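> Here are the chains, one letter per residue:
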Amino acid sequence: MNDMNEEESQLVEWLADMNEDDALPLAKRMLLEDGKNPMRVLDLCRAAMDIVGKRFEEGEYFLPELVLAGEMLDIIGSIAKPLIKQGDGEEVKKLGKVLIGTVHGDLHDIGKNIVSFMLDINGFEVKDIGIDVPVKTFIAEIEAYQPDVVGLSGFLTLAFDSMKETIAAFDQAGLRDKFKIMIGGGQIDETVRNYTGADAFGVNAVEAVNLCRGWTGAAA
Amino acid sequence: MNTMSQPSTMIGPYTQTPEAKAAYDARWERIMACVRLEQPDRMPVGLHTFFWPATYGGITFKELMYDYDKAKKVCFDAVMEFEPDGVFPLLLGTSLGRSLEKLEFKQLQWPGHGVGDMQPFQYLDREYMKAEEYDDFLFDPTGFYLQKYLPRVAGAFEGFDKLPSFPGLHYFRLVNGIRPFALPEVRASFDKIVAAAEEVNVMFGHHLDWTQKINAAGFPLFNGGNSIAPYDFIADYFRGATGMMKDLYRHKDKLKLVLDKAAVFISKMTIANARAAGNPVVFIPIHWAPDAFMSPKQFEEFWWPSFRRLMMELIEADLIPMPMWESDCTKRLEVIKDIPAGKCIYWFERTDMVKAFEVLGDRVALRGNLSPSMLTTGTPADVDAAVKHLVDNVWNKGGKLILDGAFGIPDETPVDNVRAMFGAARKYAG
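Chains as they are written, first to last, in the working numbering: chain G, 20 to 239; chain S, 12 to 441.
Everything labelled a hint here was simulated from the structure, so no lab data went into it. Source: prediction; values computed, not measured. Misleading hints may appear alongside valid ones.
[As the list claims (entries may be wrong)] With a straight-line Cα cutoff of 27 Å, these simulated DSS-like cross-link-like pairs (lysine-lysine) come out: (1) S:K141 x G:K47; (2) G:K183 x S:K73; (3) G:K100 x S:K257; (4) S:K342 x G:K73; (5) S:K342 x S:K141; (6) G:K199 x G:K73; (7) G:K155 x S:K203; (8) S:K173 x S:K203; (9) G:K47 x S:K263; (10) S:K366 x S:K263.
[Claimed, not checked] Computed footprint of chain S on chain G; a stretch qualifies when at least three of its residues, placed anywhere within it, have a C-beta under 8 Å from a C-beta of chain S: (11) 64-76; (12) 114-127; (13) 174-184; (14) 210-218.
Quick reminder that beta carbons are idealized off the backbone N, C-alpha and C, glycines included.
Just need the whole structure built from these sequences, with the hints factored in.
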């Protein structure tokens, strides 16, 4: 976004710098008092999240910043979205659809949630189907959602077998070549990728975003 | 040493032969030599598991949690077969099903209670203390525990939210103030807590019995007590993962005060427990130190100071901290090096052990770190090669390495891979 006025640049900067105390009152004022187009405010948020994502990628930001950025975005989004009227502007076209869930037997979700958030702010449409997801549920959700990428998450070592089973079931259902599969979680490495038959694994949310960009042909 | 002339001794109901005593002493000395950064006669191997003894002995994970006799048998058999130099107090890590049930424990789901009979227990990451309750915790941690925290984490304590606030009670106000103890909810809580405590006593009796039996057979427990880093204590058990991460920005000053306070009572508790257990090694699983979790600056500002203080207090009490650094902590090595030499065991999970040896080899004994994916999905030949890699690049270069899995033996590990691990240790390093 190159056409920002001073106040808009200020909001982007405060959001990107984790200055919640100044950013939130300014966003609220823009939306509730100044009558600013809510789509414009959400665009500013997106510009700020681009900076957050880059800083994460460059090793300046870590998980606390992603979590706080997500929280700020939620707060502003919850005020902006009810104010959107027809004709305010169009939703940005999404880069691709990603379905993500934690495999059966595993209840962990912190990593999965952060990956979902990073994919979302990087322009992907994400459907998160939760934790301890049975194979049948994955298949039903995939058939309904038609994703470009499926992300399987798992923290425990038992997830190795759950992932292998889930991917084998995609194969049996004739779905395996309809999307790419990425896996991730505390213990996941190349050995596990090979064992489960996934297309790729990632050790953090940036790697997940880069995998999805590569597969959907989206420019970084 | 001629042990044949020594008499046998009794450890509880079990006879320890002079040979078993000599073997026990040799195993313990092997670990202690590593701690002192001296060369032991061979590379020690630890045995640390959670549900793997069930896999090994052919019982369910649920049985390991609920059936004390079956649990003792499979855990004893594993020790006898693999002859480790130090053994985690295996029952304390798993045989808690009955106690958890009587306590109506809410922070876990475990086999028979929320997850399947062949699944491990899993912790429920939640906000058990709200951000606005920092002040309550800081002002009166005991009061906060009694009236707020305990009822949130265990059903047996739910009546405690009716207890009086103790500070301020005095004279006739104290007499009148005890009326809540007569409430039916409070009485019910006490009944449940007593029943749970009796169950924990039963479990603990089995733990002692099993410990005496392996000791008599010549095998020391690796560690007695456990502890926790102050940051992890608050992040995992009070604020929850996302709550804590936000607190680094929203409540940083109060968070630091709470960490300082927690370091004091965690240290007191740990020293008391380790002394009661009669074992100087304190196992400290570390959750929030990994490189990916926070910036180097945040690590040095929020995580490390209270943990270093805790470690120093344990060292001053003649204990041996054994932090188990989960995930990859490569970028933390230079910071966590700042402790006295020859006093700690640093156990690494995914940090490259060769790199850890290069940075910390003259400071601490090392433990670990065969990869969980290799142990569970690889072949015995893969395991052999991984052990050889550690022996060639750490042990043979002077590293005081205690071999183990990255976080012990993963639950699903094929038994032949564990045989390969212990076999390779003897083959390549004594």
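> If a hint holds in the structure, say so; if it does not, say that too.
Hint-by-hint comparison with the structure:
Under the criterion of a C-alpha separation no larger than 27 Å, the hint pairing K141 of chain S with K47 of chain G is consistent with the structure, at around 25 Å. Distance hint between K183 of chain G and K73 of chain S is fulfilled; the C-alpha atoms sit about 24 Å from each other, no more than 27 Å. Distance check on the hinted pair: K100 of chain G and K257 of chain S sit about 24 Å apart at the alpha-carbon level, within 27 Å; holds. At roughly 20 Å between alpha-carbon atoms, K342 of chain S and K73 of chain G fall within 27 Å of each other, so this suggested pair holds.
Simply put, K342 of chain S and K141 of chain S have alpha-carbon atoms about 31 Å apart, too far for the 27 Å limit, and the pair is violated. The suggested pairing of K199 of chain G with K73 of chain G holds, with an alpha-carbon distance near 24 Å, which does not exceed 27 Å. Proximity of K155 of chain G to K203 of chain S is assessed by CA-CA distance (about 41 Å); at most 27 Å being required, the pair is judged violated. Our distance criterion of 27 Å between C-alpha atoms is met by K173 of chain S and K203 of chain S, whose separation comes to about 16 Å.
Restraint check: the Cα-Cα separation between K47 of chain G and K263 of chain S comes to about 25 Å, which is no more than 27 Å; the hinted pair holds. Pair hint K366 of chain S plus K263 of chain S does not hold up; C-alpha atoms about 33 Å apart against a cutoff of 27 Å. Interface restraint, the segment 64-76 of chain G with chain S: violated (0 residues with C-beta to C-beta distance below 8 Å; minimum three). Counting residues of the segment 114-127 of chain G whose beta carbon lies closer than 8 Å to any beta carbon of chain S gives 4, which reaches the threshold of three, so the coverage claim holds.
Using a Cβ-Cβ cut-off of 8 Å, 5 residues of the segment 174-184 of chain G lie near chain S, which meets the minimum of three, so the contact claim holds. Coverage of the segment 210-218 of chain G by chain S holds. Counting CB-CB distances below 8 Å, 3 residues qualify, and the rule asks for three or more.
In summary, the structure is inconsistent with hints 5, 7, 10 and 11 from the numbered list given earlier, while agreeing with the others.
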